[in-house]
Amino acid sequence: MDDAEIQLRLSACRPNGQDNDDPCLREAMETLPCRPELAAWFSQEQAFDRCLCKAISEMPIPENLRAEILAAAKLSAAVPRWQRLPWLATAAAVLLGGLIFVIREPEPKQTSLAQFETEIVDMFDHMKTEGFGLEHVTGELSNVSAWLGNQGAPKPYIVQPGTKEARPFGCRIVTWRGQKVAMVCFGRGNQEAHLFVVLRDSLNDMPANIEPQKVEHVDGYPVAAWSCRKCAYVMMGSSPETKLEEFLADDSDLK
Amino acid sequence: MEFEQLVQEHYQGLYRFALSLTQREADAADLTQQTFLRWATRGFQLRDRNKAKTWLFTTLYREFLNGHRRSVRYPQVDLADAESELPSVQARTTEDVDSQSALDALSQLDDTFRAPLSLFYLQQHSYQEISEILDVPIGTVMSRLSRGKAQLRQKLSQVKTENEQVPTSANVNVIPFEPARTRRHG
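For the record, the sequence lines run as chains A and B. Residues 1 to 255, numbered by our numbering, are exactly what the first sequence covers, in order. Residues 1001 to 1186, numbered by our numbering, are exactly what the second sequence covers, in order.
Hint data in this document are derived by calculation from the structure and do not stem from the laboratory. Beta carbons: idealized from backbone N, C-alpha and C, even for Gly. Be a bit skeptical, because a hint or two may be false.
Unchecked claim - In silico DSSO-like links for lysine-lysine, alpha-carbon gap of 30 Å or less:
(1) A:Lys54 - B:Lys1155
(2) B:Lys1051 - A:Lys54
(3) A:Lys214 - A:Lys128
(4) A:Lys128 - A:Lys180
(5) A:Lys214 - A:Lys243
(6) A:Lys180 - A:Lys214
(7) A:Lys155 - A:Lys54
(8) B:Lys1155 - A:Lys74
(9) A:Lys164 - A:Lys214
(10) A:Lys155 - A:Lys128
(11) A:Lys180 - A:Lys54
(12) B:Lys1053 - A:Lys214
(13) B:Lys1051 - A:Lys74
(14) A:Lys214 - A:Lys155
(15) A:Lys128 - A:Lys54
As the list claims (entries may be wrong) - Sample of chain B residues with no beta-carbon within 12 Å of chain A, all distances over it, derived:
(16) Asn1050
(17) Arg1062
(18) Ser1101
Let's have the full structure, built from the sequences with the hints guiding it.
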C-alpha cells in the first residue's frame, strides 16, 4: 500500500473513532508510525473533520419539524395486511371495478354546490374512518400548487386570510364523479382543515368570484365555500369541533 | 411507537442531509417529511429493520434526485484516477467554522462531492453505508471524500479570507504532501 492509497483510505475515516475497528482503515492507520509526514497530514485531516462535524451538528432544526412529520404520518393509515399481497389487491380492485361498472348509474354532467359539499364530506368521513395518506407532503403552498399542477389537478389560486396563517402539511388528489379534485390539508394550532378544489364548471350553481359567506354544517362538519375564476373551493374542518372560522378570517369577523 | 422512535432517531440527521442538498430550509423540511411518508407507506416492505437508517437516507437522496430531475450523470471516479488529485493540507481553515459557513461552503461544492461529504460529516454513516446510500462503489466514495474535502477547504479559505479581507498567504500554513507516484497495487 503506497502513500496515495493510505491517504485515500484515511480520508474516509470519521474523526471520532467510529471507524477504528474497520480493517481497511486500521490497516492504513497502522502504517502511520513509519510515515511522519503522512501522520502529520492525518492529524490535521482529523482536526479539520472534527471541526466540520461540529459545525454540521449545530445546524438548527425547525422547531415544528418533528411534530409535522408525526402529524402527516397520522393521516397515513397503516396498510391493511390484504393490501400487502399484490395479487390479492389486484384481484380485489378488478372485482370492485367490475361491480362499479355494472351497477353505476349514469352521472349527471353537473351538480349543485350543496351536492358537492355533501359528497365531499361523505368522502372525507369515509377516508377518515378508513385512514388515508397524503400523496405529497410539504410545508409550502407553492410546492402544493406545483405538485397539483403536475398531476393535472386544479390548483388553489387563492386561500382565505386565516388559511394564510395556517401551515399546509400536504395534499392529495381525490376522484369525485370521475374528475380530479385537489385536497390540501392545513394545520393551525391543534386544529386541522382540508381544502377541496374543483373546477367551477363542474357545479351548476357556483358563480365566479364568490366570497365565503358563512360556515355551514354538513353532516356535523363545518364547511365553507367560495369561488375564484375557474375554481370552486370547499373547506371543511377535520372534525365537527373544528373552528373553521379561524381558517377563513383573521379576526373571526365572518358574517 | 416504532414510527415515532424512528422519527426521533433520524429526523435531525435527515433534515441536515436534505439541507445540504437543497440549500433551502423549506425544501429540506419537505424532503424529510416526504421520506418519512415513504416509510409510513412502504417501510413495511423492509425486512431487516436494522437497515432502516440506510433506507431512510437512500430514500431521501433518491427523492432529491427525482425532484430535481437531474439530467447530469454523476461521473464515476475510479480509485486509480483520483490519485493524481489528492490534496495537500492547509493547516488553518476551520478553527472557527460555524454551521452557516459550513453549509455555505458545502453549497458551493460540485454536486458529486456534496452528498458524500454531508453524510460523512453527519458521522452516522461509515464509508460502506455512504456507498450503499449513494449507490456508488466504495472506491468512488473514498475518492469523492478526499477530493471533496480539498474543495471544501478551498471554499472555506475563500469565505474566511473574504470575511477577514487579509491576504491568505500570511495565514495559511501549507504542509506539502506529495503522494508517491508509484503503482498503488504493485
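A quick look at each hint next to the structure:
1. A:Lys54 - B:Lys1155: With Cα atoms ~18 Å apart, Lys54 (chain A) and Lys1155 (chain B) stay inside 30 Å; holds.
2. B:Lys1051 - A:Lys54: holds (26 Å)
3. A:Lys214 - A:Lys128: The given pair, whose Cα atoms are some 24 Å apart, holds under the 30 Å limit.
4. A:Lys128 - A:Lys180: holds (19 Å)
5. A:Lys214 - A:Lys243: With a Cα-Cα distance of about 12 Å, the restraint between Lys214 (chain A) and Lys243 (chain A) holds, given a limit of 30 Å.
6. A:Lys180 - A:Lys214: At roughly 26 Å apart (the allowed maximum being 30 Å), Lys214 (chain A) and Lys180 (chain A) satisfy the hint.
7. A:Lys155 - A:Lys54: Status violated; Cα separation ~42 Å.
8. B:Lys1155 - A:Lys74: violated (42 Å)
9. A:Lys164 - A:Lys214: Holds - the C-alpha atoms of Lys214 (chain A) and Lys164 (chain A) are around 18 Å apart, at most 30 Å.
10. A:Lys155 - A:Lys128: holds (23 Å)
11. A:Lys180 - A:Lys54: The given pair, whose Cα atoms are some 48 Å apart, is violated under the 30 Å limit.
12. B:Lys1053 - A:Lys214: Cα-Cα ~48 Å, so violated.
13. B:Lys1051 - A:Lys74: Between Lys1051 (chain B) and Lys74 (chain A) the Cα gap is close to 23 Å, so the pair holds against 30 Å.
14. A:Lys214 - A:Lys155: holds (23 Å)
15. A:Lys128 - A:Lys54: violated (44 Å)
16. Asn1050: holds (17 Å)
17. Arg1062: holds (15 Å)
18. Ser1101: The assertion about Ser1101 (chain B) is violated, with a minimum of 7 Å to chain A.
Checked against the numbered hints listed earlier, the structure breaks hints 7, 8, 11, 12, 15, 18; every other hint is satisfied.
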